[in-house]
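A.B. asks: Sequence:
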Amino acid sequence: MNSTEKEISYTITNSYSTLNELTSSTKNIWFVCHGMGYLSRYFLKYFKVLNPNENYIIAPQAQSKYYMPPKFKHVGASWLTRENTIAETKNVMTYFDSIFENEHIPEEKKLIILGYSQGVSVAMRYLAKRQLQCSQLILHSGGIPIELVPTDFDYFTGKTKLIYGTNDEFLNEERIQQERSKAEKLFGNNLDIIAFEGIHEVNTKLISSLV
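Numbering-wise, the sequence shown is residues 1433 to 1643 according to this note's numbering.
These are computed hints drawn from the structure, not numbers from a lab.
Hints are supplied without guarantee of correctness; some may be wrong.
Said to hold, decoys possible - Below, simulated DSS-like cross-link-like pairs (lysine-lysine); rule was C-alpha separation at most 30 Å, straight line:
#1 Lys-1542 - Lys-1477
#2 Lys-1637 - Lys-1522
#3 Lys-1591 - Lys-1614
Unchecked claim - Estimated spans, in silico, between C-beta atoms of each pair:
#4 Thr-1513 - Asp-1624: 43 to 53 Å
#5 Pro-1538 - Thr-1436: 11 to 21 Å
#6 Gln-1563 - His-1506: 34 to 44 Å
#7 Asn-1523 - Met-1500: 17 to 27 Å
#8 Gln-1565 - Ile-1444: 47 to 57 Å
Note that the structure is a prediction, hence the values are computed from the model and not measured.
Glycine included, every Cβ here is placed at the ideal spot set by N, Cα and C.
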């Protein structure tokens, strides 16, 4: 018997979470992509250190949800896997488009894009594919997609921050050098590399210092 894998298109509904209010007092709008195992509403807790009157945070929600081991009680989510990566990336890009269309972000506000861990890859792919301009691109403890090349960011005039913990259990010295090298090739003089003493976790102190 022969098996065939077929593809269809259909409309789905997904949520996203926000923190604070978008008002005339807002200076910075953050678009923050969580890591594997998070839900967007819980990821927002790391941004409560920011001034609520000046910072509005948008946290998209990865669509692939699952029960997390070992007790399979709590729910987490994942952005992409190696399975159908191209098609799934297109789905994520379309989802991000819908969020930006729904939020009507004013041009005079500073847009900050942050990816943490697995969220780095979807954040960077979105910027590259949509040629999205922002004041800061923050790459926090994640891997840069290997298919991205310097010409993907020729348009980009913002500042990029590569942040990682020196005791990150997912990074050895070889991996750190690989990520630093990729970031330097993509962003050149517009790159700041910030290493901190810590493990694989969101560094709220550093985040609060970036605005």
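A.B. asks: List, from low to high, the hint numbers that the structure doesn't satisfy.
C.D. replies: 2, 4, 5 and 8
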